[in-house]
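Number of protein chains: 2
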Amino acid sequence: MAKAAELSSWNDGAAKSAIVDFVARVTDQDGADYVAPSERIATFDNDGTLWCEQPIQVQFLFLVERVKGLAAQDSSLASRQPFKALLERDLKTLQTLGMKGLQELFAETHSGMTLDEFEHLVNAWFGSAQHPKLKRGFTRVVFRPQIELLEYLRAHGFKTFIVSGGGIDFMRVISEELYGIEREHVVGSSAKLQFDAERGALTKLRDLQSFDDRETKVLNIGLHIGRRPILAFGNSDGDLAMLRYTRAGKGARLALLLHHDDAEREVAYDRDFKLSPLNEALDKAKGYGITVVSMKRDWGAVFD
Amino acid sequence: MAKAAELSSWNDGAAKSAIVDFVARVTDQDGADYVAPSERIATFDNDGTLWCEQPIQVQFLFLVERVKGLAAQDSSLASRQPFKALLERDLKTLQTLGMKGLQELFAETHSGMTLDEFEHLVNAWFGSAQHPKLKRGFTRVVFRPQIELLEYLRAHGFKTFIVSGGGIDFMRVISEELYGIEREHVVGSSAKLQFDAERGALTKLRDLQSFDDRETKVLNIGLHIGRRPILAFGNSDGDLAMLRYTRAGKGARLALLLHHDDAEREVAYDRDFKLSPLNEALDKAKGYGITVVSMKRDWGAVFD
Numbered sequence: 000m001a002k003a004a005e006l007s008s009w010n011d012g013a014a015k016s017a018i019v020d021f022v023a024r025v026t027d028q029d030g031a032d033y034v035a036p037s038e039r040i041a042t043f044d045n046d047g048t049l050w051c052e053q054p055i056q057v058q059f060l061f062l063v064e065r066v067k068g069l070a071a072q073d074s075s076l077a078s079r080q081p082f083k084a085l086l087e088r089d090l091k092t093l094q095t096l097g098m099k100g101l102q103e104l105f106a107e108t109h110s111g112m113t114l115d116e117f118e119h120l121v122n123a124w125f126g127s128a129q130h131p132k133l134k135r136g137f138t139r140v141v142f143r144p145q146i147e148l149l150e151y152l153r154a155h156g157f158k159t160f161i162v163s164g165g166g167i168d169f170m171r172v173i174s175e176e177l178y179g180i181e182r183e184h185v186v187g188s189s190a191k192l193q194f195d196a197e198r199g200a201l202t203k204l205r206d207l208q209s210f211d212d213r214e215t216k217v218l219n220i221g222l223h224i225g226r227r228p229i230l231a232f233g234n235s236d237g238d239l240a241m242l243r244y245t246r247a248g249k250g251a252r253l254a255l256l257l258h259h260d261d262a263e264r265e266v267a268y269d270r271d272f273k274l275s276p277l278n279e280a281l282d283k284a285k286g287y288g289i290t291v292v293s294m295k296r297d298w299g300a301v302f303d
Numbered sequence: 000m001a002k003a004a005e006l007s008s009w010n011d012g013a014a015k016s017a018i019v020d021f022v023a024r025v026t027d028q029d030g031a032d033y034v035a036p037s038e039r040i041a042t043f044d045n046d047g048t049l050w051c052e053q054p055i056q057v058q059f060l061f062l063v064e065r066v067k068g069l070a071a072q073d074s075s076l077a078s079r080q081p082f083k084a085l086l087e088r089d090l091k092t093l094q095t096l097g098m099k100g101l102q103e104l105f106a107e108t109h110s111g112m113t114l115d116e117f118e119h120l121v122n123a124w125f126g127s128a129q130h131p132k133l134k135r136g137f138t139r140v141v142f143r144p145q146i147e148l149l150e151y152l153r154a155h156g157f158k159t160f161i162v163s164g165g166g167i168d169f170m171r172v173i174s175e176e177l178y179g180i181e182r183e184h185v186v187g188s189s190a191k192l193q194f195d196a197e198r199g200a201l202t203k204l205r206d207l208q209s210f211d212d213r214e215t216k217v218l219n220i221g222l223h224i225g226r227r228p229i230l231a232f233g234n235s236d237g238d239l240a241m242l243r244y245t246r247a248g249k250g251a252r253l254a255l256l257l258h259h260d261d262a263e264r265e266v267a268y269d270r271d272f273k274l275s276p277l278n279e280a281l282d283k284a285k286g287y288g289i290t291v292v293s294m295k296r297d298w299g300a301v302f303d
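Sequence lines, in order, name chains A and B.
FYI, in numbering that gives the first Met the number 0 the residues of the first sequence are 0 to 303.
FYI, in numbering that gives the first Met the number 0 the residues of the second sequence are 0 to 303.
Next comes chain A alone, as it looks inside the complex (with noise of 0.2 angstroms):
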């Protein structure tokens, strides 16, 4: 039997027996459901899974300050969209950029620099930046229970990753430090990148490799893991694809969805937020075997 005595932060219930129930029988090795550990993949989505990704993700309060930054080397920055409507907080015009005007943000801010540079910036952010409703750095706006899954994973044989839409190179500066997980076990949005052999550095293009939501989650577990995950965790539509893959394998599965149902704790919200709307994983996730979890109700604490 797997110990439960480290989900302490989750509270007894449907979701943590089926954690628990299914953690204990893949490593069963006298069980019809034993699972060796090279192949005990799990993968987490991060934005609003593994941490908060409200009133904003917090990629993007990272990019208002490049965007930010950038603007003060070059004034014309401020007269172009969509840098005029972000440095104005001209959120009607925003929203109507759509992914294209997101994408741009991002090509922007995100590129012409090395993969050091860019660590570099990143890092000093995270150092200063504040969340602005919780009040405290970005590194402890990661949710307490899911800390303690990853760890329990890990300790039960698991490889945990991260497959998420955010970007790549943003999340591997801080998964070691925030989730104990390795650089090479982190998938995200990506750029296309380009060697320079004098310089033996590489940088960082405006051209977009692959955006990692939905469909192409899977694709990319198929390029950057190569085995199909036997537990998956996320929260949003955009992660209904990975949480499907995981579920049509032979064999024990599980796939869990966050539902952010706690207005006091944390935030109360599903199908009405835009940039990230749980809406069809809701309706179907009793159909595709899916195991809601309330943060309300199988939470004991949300964040440290």
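It is possible that part of the hints are untrue.
[Said to hold, decoys possible] The list that follows gives simulated cross-link-like pairs (lysine-lysine, DSS-like), each with its CA atoms no further than 30 angstroms apart:
(1) A:K191 <-> B:K249
(2) B:K99 <-> B:K132
(3) A:K249 <-> A:K285
(4) A:K191 <-> B:K191
(5) B:K91 <-> B:K134
(6) A:K134 <-> A:K83
(7) A:K15 <-> A:K295
(8) A:K99 <-> A:K191
(9) A:K99 <-> B:K191
(10) A:K134 <-> A:K67
(11) A:K67 <-> A:K273
(12) A:K283 <-> A:K295
(13) B:K283 <-> A:K191
(14) A:K15 <-> A:K283
(15) A:K273 <-> A:K91
(16) A:K283 <-> B:K191
(17) B:K191 <-> A:K249
(18) A:K83 <-> A:K191
(19) A:K83 <-> A:K273
(20) B:K99 <-> A:K191
(21) A:K83 <-> A:K99
[Unchecked claim] Derived Cβ-Cβ restraints for the label pairs, each shown as a range:
(22) B:A196 <-> A:L207: 17 to 25 angstroms
(23) A:D282 <-> B:A31: 55 to 63 angstroms
(24) A:A123 <-> B:P36: 19 to 27 angstroms
(25) B:K132 <-> A:S110: 43 to 51 angstroms
(26) A:Q28 <-> B:R205: 37 to 45 angstroms
(27) B:D20 <-> A:L90: 57 to 65 angstroms
(28) B:L274 <-> A:S110: 33 to 41 angstroms
The set of hints was computed from the structure by calculation and includes no laboratory data.
Predicted model, so just to flag it, every value in this text is computed and none were measured.
Glycine included, every Cβ here is placed at the ideal spot set by N, Cα and C.
Please build the complex by placing chain B on the supplied structure of chain A, with the hints as guidance.
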């Protein structure tokens, strides 16, 4: 001091000393060159570095079997190029096909099936196929000194990766058994994938996603690993960018280049091997700080 006893198939000499000294330095917690375990990334080319690539690359022999199998199902294949040349062992025509013809052969024979189906095909082939010269299964054409080196590095906290022009899905089928390298630590050439949500399966498409050679090896290290290796091992000009990228990092770095100069125990070849020549890397090894490993001089044994 790191122990060298495990490298029993390596002869004493400059190459072995370079390895043992390097590992001792980066693992000495009190030394100036200490590297934390999470950053001890070692990348290895596969064909010609970890296993024998002569007289022909292993995956190419699998490809020939696939063409024969497909021709048995579809007789029109035997009259179409480049399949005709392959089936008729028409070397003259095959040599004129170039990269485009070769990619056509791979696209036709490695697509149109799920990842699971492809794995079954590869596994079945490895179960019966024999190396034409060594007269043994392909799981036994690995270089014994390299297996020792991989184990030696892992025993000293390194994470070992394959970064090869070989097919990522092909190598993953045997990487754990042959090399103790996890599937998620295999980087290689890849086809685009498609997710079929209803079947819950990933399908291999004809389109190339990445040909993992030369500079692309470095780009894929950036994508898959997100960290510059501190040790890299290759055997051809296709590995030079990876070796230079590795050497260009700060602190202790080791770049190794295997020279196939042992006609008696394996094959002596370098500049004349069209598929994967060793020219520029050999000429510039000294200037770039690359340690050349002579199979004849530095390896006490080649195969098991």
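To see whether the hints hold, each was checked on the structure:
A distance of roughly 24 angstroms separates the Cα atoms of K191 (chain A) and K249 (chain B); the hinted pair therefore holds under the 30 angstroms criterion. About 28 angstroms separates the Cα atoms of K99 (chain B) and K132 (chain B), which keeps this hinted pair within 30 angstroms; it holds. Under the criterion of a C-alpha separation no larger than 30 angstroms, the hint pairing K249 (chain A) with K285 (chain A) is consistent with the structure, at around 19 angstroms. Taking the CA atoms of K191 (chain A) and K191 (chain B), the gap is about 16 angstroms. The hint holds against a cut of 30 angstroms.
Pair hint K91 (chain B) plus K134 (chain B) holds up; C-alpha atoms about 26 angstroms apart against a cutoff of 30 angstroms. With a C-alpha separation of about 27 angstroms, the suggested pairing of K134 (chain A) with K83 (chain A) holds against the 30 angstroms cut-off. Between K15 (chain A) and K295 (chain A) the CA atoms are separated by roughly 13 angstroms; this keeps the pair inside 30 angstroms, and the hint holds. In summary, the hint linking K99 (chain A) to K191 (chain A) is supported, as the alpha carbons are separated by about 17 angstroms, within the 30 angstroms threshold.
The suggested pairing of K99 (chain A) with K191 (chain B) holds, with an alpha-carbon distance near 23 angstroms, which does not exceed 30 angstroms. The hinted pair formed by K134 (chain A) and K67 (chain A) meets the criterion: a straight-line CA distance of about 21 angstroms does not exceed 30 angstroms. Of the supplied pair hints, the one linking K67 (chain A) and K273 (chain A) holds, its CA atoms being roughly 25 angstroms apart against a limit of 30 angstroms. Taking the CA atoms of K283 (chain A) and K295 (chain A), the gap is near 21 angstroms; set against the 30 angstroms cutoff, the hint holds.
Between K283 (chain B) and K191 (chain A) the alpha-carbon distance is near 29 angstroms, which keeps this suggested pair within the 30 angstroms criterion. Restraint check: the Cα-Cα separation between K15 (chain A) and K283 (chain A) comes to about 21 angstroms, which is no more than 30 angstroms; the hinted pair holds. For the proposed pair K273 (chain A) and K91 (chain A), the alpha carbon gap of about 14 angstroms is at most 30 angstroms, so the pair holds. Restraint check for K283 (chain A) and K191 (chain B): the C-alpha separation of about 29 angstroms stays at or below 30 angstroms, so the hint holds.
The hinted pair formed by K191 (chain B) and K249 (chain A) meets the criterion: a straight-line CA distance of about 24 angstroms does not exceed 30 angstroms. Distance check on the hinted pair: K83 (chain A) and K191 (chain A) sit about 26 angstroms apart at the alpha-carbon level, within 30 angstroms; holds. Distance check on the hinted pair: K83 (chain A) and K273 (chain A) sit about 22 angstroms apart at the alpha-carbon level, within 30 angstroms; holds. The suggested pairing of K99 (chain B) with K191 (chain A) holds, with an alpha-carbon distance near 23 angstroms, which does not exceed 30 angstroms.
A hinted pair counts as satisfied when its Cα atoms are at most 30 angstroms apart, and K83 (chain A) with K99 (chain A) qualifies at roughly 16 angstroms. Take A196 (chain B) and L207 (chain A): their Cβ atoms lie about 23 angstroms apart, and the range 17 to 25 angstroms holds. Hint check: D282 (chain A) to A31 (chain B), Cβ distance near 59 angstroms, so the stated range 55 to 63 angstroms holds. The hint said 19 to 27 angstroms for the Cβ distance between A123 (chain A) and P36 (chain B), and at roughly 25 angstroms that hint holds.
Evaluation of the 43 to 51 angstroms hint for K132 (chain B) and S110 (chain A) yields a pass: the beta carbon distance comes to about 49 angstroms. Distance hint for Q28 (chain A) and R205 (chain B): a CB-CB separation of about 41 angstroms, consistent with the stated range 37 to 45 angstroms. Range check, D20 (chain B) to L90 (chain A): about 60 angstroms between beta-carbon atoms, so the 57 to 65 angstroms window is met. Separated by about 35 angstroms at the C-beta atoms, L274 (chain B) and S110 (chain A) satisfy the suggested range of 33 to 41 angstroms.
Of the numbered hints given earlier, the model fails none.
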